[in-house]
Structure formats: structure tokens, C-alpha cells
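Enquirer: Chain by chain, the residues:
4 protein chains.
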Amino acid sequence: MTDARRPESAGWAERVRASFGRQSIMEHLGAELRTVEPGYCEIRLPFKPELAQQHGFFHGGVVGVIADSAGGYAGFSLMPADASVLPVEYKLNLLSPADGELLIARGTVLKPGRTLVVSRADVAVLKNGSERICATMLQTLMTLHGRSDGPGNRSRSTTEEQP
Amino acid sequence: MTDARRPESAGWAERVRASFGRQSIMEHLGAELRTVEPGYCEIRLPFKPELAQQHGFFHGGVVGVIADSAGGYAGFSLMPADASVLPVEYKLNLLSPADGELLIARGTVLKPGRTLVVSRADVAVLKNGSERICATMLQTLMTLHGRSDGPGNRSRSTTEEQP
Amino acid sequence: MTDARRPESAGWAERVRASFGRQSIMEHLGAELRTVEPGYCEIRLPFKPELAQQHGFFHGGVVGVIADSAGGYAGFSLMPADASVLPVEYKLNLLSPADGELLIARGTVLKPGRTLVVSRADVAVLKNGSERICATMLQTLMTLHGRSDGPGNRSRSTTEEQP
Amino acid sequence: MTDARRPESAGWAERVRASFGRQSIMEHLGAELRTVEPGYCEIRLPFKPELAQQHGFFHGGVVGVIADSAGGYAGFSLMPADASVLPVEYKLNLLSPADGELLIARGTVLKPGRTLVVSRADVAVLKNGSERICATMLQTLMTLHGRSDGPGNRSRSTTEEQP
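Chains as they are written, first to last, in our numbering: chain A, 1 to 163; chain B, 1 to 163; chain C, 1 to 163; chain D, 1 to 163.
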């Protein structure tokens with residue numbers, strides 16, 4: 001799993017940041033896009049009470065949201081300039097309680113491809129200065145060629161994208 | 001997949017509603033617990049711009065949050081009064097764009113068990129009055145016996161719950 | 001999940017049966033393609049000691065093999081005549097022991113699409129004349145256009161299929 | 001994901017090998033248990049025509065069988081002497097064609113727990129002396145305490161194991 005990762009085109013980092021900036025859910029949750037490298041993306045989410053499940057930890061679904069985004073933008077960083085990324089599916093194992101002050105999701109491309117990209121994301125929770133893995137995710141993404149991820153471009157779905 | 005579903009104890013509907021009420025993320029997103037029956041749960045989430053991904057549809061992770069909750073509370077409805085529900089893992093296929101004014105997640109228990117429960121959830125999006133399936137989820141839950149889902153009870157994780 | 005299912009081209013049933021016949025693992029295990037309809041496929045596998053795990057039941061991996069095939073051929077039945085089907089990913093929950101004399105895997109297309117197809121399969125085990133669900137699977141398939149599933153056609157992978 | 005891995009009891013390697021030896025499907029396929037360490041297991045499977053899908057590669061389901069076993073025995077190696085391992089669920093991404101002369105599945109425990117264990121397995125295919133990743137799997141296992149994995153012990157299922 002150590003293929004070289006090189007972005008297909010210049011401007012990939014700006015495209016990732018611009019797309020993230022258009023995901024209003026990220027601002028609503030308070031998530032921050034920290035690092036983007038070719039085939040890698042790190043997203044951070046500080047705890048606030050609005051993100052909790054019934055025991056006061058980060059909700060498992062919220063863990064899924066940032067894992068999904070970290071893996072998705074890891075994939076998007078390798079796509080051509082005129083493409084959008086569409087999530088096809090993901091699966092998440094919750095390994096320990098997301099009990100802490102900060103979630104850190106690190107997404108990595110396992111396998112790039114022209115149409116499909118497979119990513120993994122690990123999510124750690126930071127508590128009193130030490131990190132602990134709380135979830136791991138495996139994900140399939142689709143490249144939509146010829147549909148750039150612009151603000152006015154409402155892409156269609158993974159299974160119906162073509163006429 | 002047609003086992004009779006009967007709750008293990010009285011008060012199950014109240015326990016589901018009380019637990020849902022303690023998940024502050026649900027209020028933050030605007031989700032509503034609509035129907036609870038033994039082994040079944042329906043959650044609704046009206047669209048608002050804060051829930052969007054970069055193309056203005058419901059974010060795929062948000063679809064996951066309510067699918068996860070609908071399946072989880074379907075399972076919790078069958079658990080004993082002194083138990084908590086812990087999510088172990090879930091996997092979600094995004095079938096079509098979550099483009100509409102309302103998400104409806106319907107969770108159903110596929111297989112109850114003393115320790116583990118398997119649920120499925122289908123998520124539909126309502127647009128101009130007609131429903132369309134946008135995602136389907138398969139999920140594993142764990143019953144934590146002897147740890148009621150009360151407000152002061154911070155349950156531990158699925159893989160470390162025991163001493 | 002009730003879209004009409006119509007095959008894209010004549011000869012779909014013959015193509016499914018011919019492809020199944022080329023999967024030598026099916027003969028090695030003893031699996032039989034029972035029913036093929038547009039978007040539906042049923043595969044049966046009688047028990048023999050060679051298929052067992054350590055407790056004498058059908059091995060969970062064997063349950064996965066026929067679930068994967070039933071879902072895959074359900075999808076293939078809807079694909080054009082010049083296409084191959086490639087498995088992208090699948091996830092399987094084992095719901096009860098596969099203890100019995102016959103496995104029956106029933107695959108159904110949940111969502112057809114030009115490039116990607118999502119299928120579900122349920123696997124039942126027959127014991128003393130009564131059926132019981134032992135597993136359920138969710139699966140993503142890819143249509144490889146322009147590469148018919150012929151005997152001399154060694155298709156490439158899902159993530160590298162294109163130049 | 002670097003917790004120390006120590007087996008709970010002496011004799012773990014013998015128990016893993018004995019259990020593998022009782023899985024007659026492994027002999028039927030031709031799989032060999034190569035390495036067992038605490039929390040790690042490697043299984044190898046040489047190609048033979050009986051294992052092929054319709055294009056002459058290893059069948060995706062066969063890749064799943066040995067991934068499932070490698071992850072499962074990685075988990076079993078850490079369980080107490082009086083316990084059995086039960087597979088709960090697994091999910092597999094097929095990353096590239098399993099085209100080669102040998103499959104190598106390497107299972108690793110991501111998260112041990114008293115009741116549940118989460119494993120990962122990567123499967124490589126060896127062709128002309130060089131390895132290439134063809135699949136990755138994420139898996140949940142259950143520890144059945146008090147039911148040793150002996151020859152006469154027909155364990156029950158993950159969701160019904162308890163009275």
C-alpha cells in the first residue's frame with residue numbers, strides 16, 4: 001500500500017480547501033481542515049456539547065462524518081481538476097469511546113484509480129494531551145470526470161450520474 | 001427475517017425517547033424521533049443549509065448519523081431496562097443524492113440477541129412530496145447489561161466495557 | 001426500493017449462466033445457480049464436510065462466497081451484453097450459525113446504475129425442512145462496459161480497469 | 001494502533017493451529033497457516049484452477065475466505081484458553097485483480113477486548129515474485145467465554161450464544 005501518490009493536476013490543495021469550505025455542515029459542527037497532502041487529509045473537530053450522544057461523548061455518527069470527509073478529501077486531492085468526488089459507501093468500526101476534547105480524523109488513499117478510489121481513515125480522540133484511536137473506516141469513492149466541484153455545480157449521484 | 005419482536009420490559013418507548021432526548025447532536029441537527037415500535041424506529045430530519053455538503057444536498061455523513069441512530073434505537077427498544085446500547089460498527093451505501101426537503105431514516109432489527117443485535121436502516125429523501133431511497137445501512141450493536149442509559153451514566157466502549 | 005428491473009439486452013439469462021459456469025470455484029464447492037431473473041439471482045450449496053469450519057457448520061467465508069456471487073449475478077443480469085461485472089466491495093453480517101444441509105443465497109439489486117450497482121443478498125440455511133436466515137450482505141459492483149464476460153477475456157480490476 | 005499484544009494464556013499457538021486444522025474448508029481450498037503470533041496470523045493459498053472466477057483469477061469470495069480466517073485467528077490468538085472465536089461481520093474491498101500464483105492474507109488485531117475484537121487483514125497476490133495488495137478487510141469477532149474450541153464443541157451463533 002505504498003504506491004506513490006501524485007496529484008493529477010496543479011491546484012489540488014486549493015480545490016480541496018475550497019470544496020471543504022462549501023460543506024456548510026463542517027462549519028456547523030466546527031470541523032477544521034488541517035492538513036492536505038496528495039492522498040492524505042487531516043480534519044480536526046473540537047468537542048462542544050452539541051456534538052454529544054447520550055453519555056456526553058462525541059456521537060458515533062459525528063465520528064463517521066469527519067472520517068468520511070477525511071477519506072473523501074484524501075481521494076479528491078488526487079483527482080483531476082475537472083472532476084468531483086462522490087462517496088459510494090463507507091464502513092466504520094467504533095473501537096473505543098470518543099471521550100475527549102478533540103477528534104482527529106486522518107484519511108489516506110489505499111488505492112487510487114481512474115473511476116474508483118479506496119480510502120481508509122483512522123479517528124483518534126485527544127484527552128488530556130494523549131491520543132487514542134476511537135474508530136477506523138474503509139471507504140469507496142467515485143471520480144466524476146468532467147464535473148468540477150464548483151459552487152454552482154450540483155452533481156448527481158454515484159449510481160445515476162450518467163445519462 | 002420475521003421473528004416476532006417483543007420488548008424485554010415495560011417502559012421501552014419512554015427509555016428510547018429519553019435517551020434520544022439526551023443526544024444533543026440530534027437537536028443540533030434538528031432531528032426528530034418520530035415513531036418507535038419494538039424493533040423499529042423512524043427519525044426525520046428537515047433540510048437546512050447547515051446540513052449541506054458542497055453541492056447543497058444533505059451531507060453523506062449526516063445521512064449516516066440518522067441512519068445510525070434509527071438502527072441503534074430500533075435495537076435499544078428490545079433491550080432490558082437496565083441496559084445501554086453501544087454501537088459497534090455500521091456500513092452505509094449511498095444510493096442516490098440526498099436532494100430534498102426531508103430525510104426519513106427507518107431502522108429495523110434484523111436479528112436480536114442477548115449480547116449483539118444487528119439492525120438495518122433505509123434512508124429516504126422526500127422531494128416535492130415523493131420519497132426516494134438515498135441510502136441503506138447495516139449495523140451491529142452491543143447490549144451493555146447492568147448499565148442503564150441514565151443521564152449520569154457514562155458508559156464505556158464496546159471493546160473495553162468489561163474489567 | 002421498488003424500481004422496475006429490466007435487463008438491458010436480450011440473452012441476459014444465458015450470459016449469467018455461462019459466466020457462472022466459468023467460475024470453477026462454484027463447481028469445486030458444489031454450488032448451483034438455481035434461479036435468475038432480472039435483478040435477482042438464487043444460488044444453492046448443499047453441505048459437505050469439505051465446506052466446514054471447526055465446529056462442523058458451513059464456514060463463514062463460504063457463506064460469503066455464495067452471497068457475493070448471488071448479489072453479483074443479480075447485478076450482472078441487468079448489465080448490457082458487452083459488459084463484465086466487477087466486484088468492488090461487500091460486507092457481510094453473520095446472523096446465526098450456518099448449521100444445516102443446504103445454503104440458499106438470494107441476491108437482489110437495490111440500485112442499478114450505469115457504472116455502479118448496489119446489491120443485497122440474504123443467505124438462509126435449511127435444516128430439517130425449515131429455513132432460517134444466517135447472513136445478510138450489502139455489496140457494490142462495477143459495470144465494465146465494452147468488455148464482455150467471455151472465456152478469453154481476462155478483465156482487469158475495479159480500480160485500474162482504465163488506461 | 002500499537003497496543004502491546006499479549007496472549008491471555010499459554011498454548012495459544014497450539015490452539016490456533018488445532019482450530020485451523022479442524023476447518024476442513026482450508027484443506028479443501030489448499031490454504032496453509034503460515035505464521036501465528038500474538039494478535040497476528042498469516043495464511044497462504046496457492047493458485048489452482050478450482051479457485052478461479054470466470055476470468056481465471058482467484059475468486060473474490062476465496063479472497064474473502066482467507067482474509068476472514070487470517071483476521072479471525074489473529075483475534076483467537078489473544079483469547080483465553082477456554083474460549084471460542086465467533087465471526088460477527090466483515091467487510092472487504094477488492095483493490096486489484098487477484099491474478100497470480102499465491103495469495104497471502106495477513107491478519108492483525110486492531111483492538112482487543114474482552115467480548116469483541118476488531119481485526120484487519122490485507123491480502124496480497126504474488127506474481128512472478130512480486131507482491132501486490134489485492135484486498136483489505138475490516139472485521140468484528142466475538143469471544144465466547146467458557147466454550148473451548150474443541151472438536152466436540154459445536155458453538156452457537158454470535159447473536160444467540162447465550163441462554
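Everything labelled a hint here was simulated from the structure, so no lab data went into it. Among the hints, a few may not be true.
What the hints assert, rightly or not - Quick list of in silico lysine-lysine cross-link-like pairs, PhoX-like style, CA-CA up to 25 Å:
| no. | chain 1 | residue 1 | chain 2 | residue 2 |
| --- | --- | --- | --- | --- |
| 1 | B | K127 | B | K48 |
| 2 | A | K48 | A | K127 |
| 3 | C | K127 | C | K48 |
| 4 | D | K48 | D | K127 |
| 5 | B | K48 | A | K48 |
| 6 | D | K48 | C | K48 |
Note that the structure is a prediction, hence the values are computed from the model and not measured.
Enquirer: Tell me, in ascending order, the numbers of any earlier hints that this structure violates.
Expert: Going through the list in order, the structure violates no hint and respects every one.
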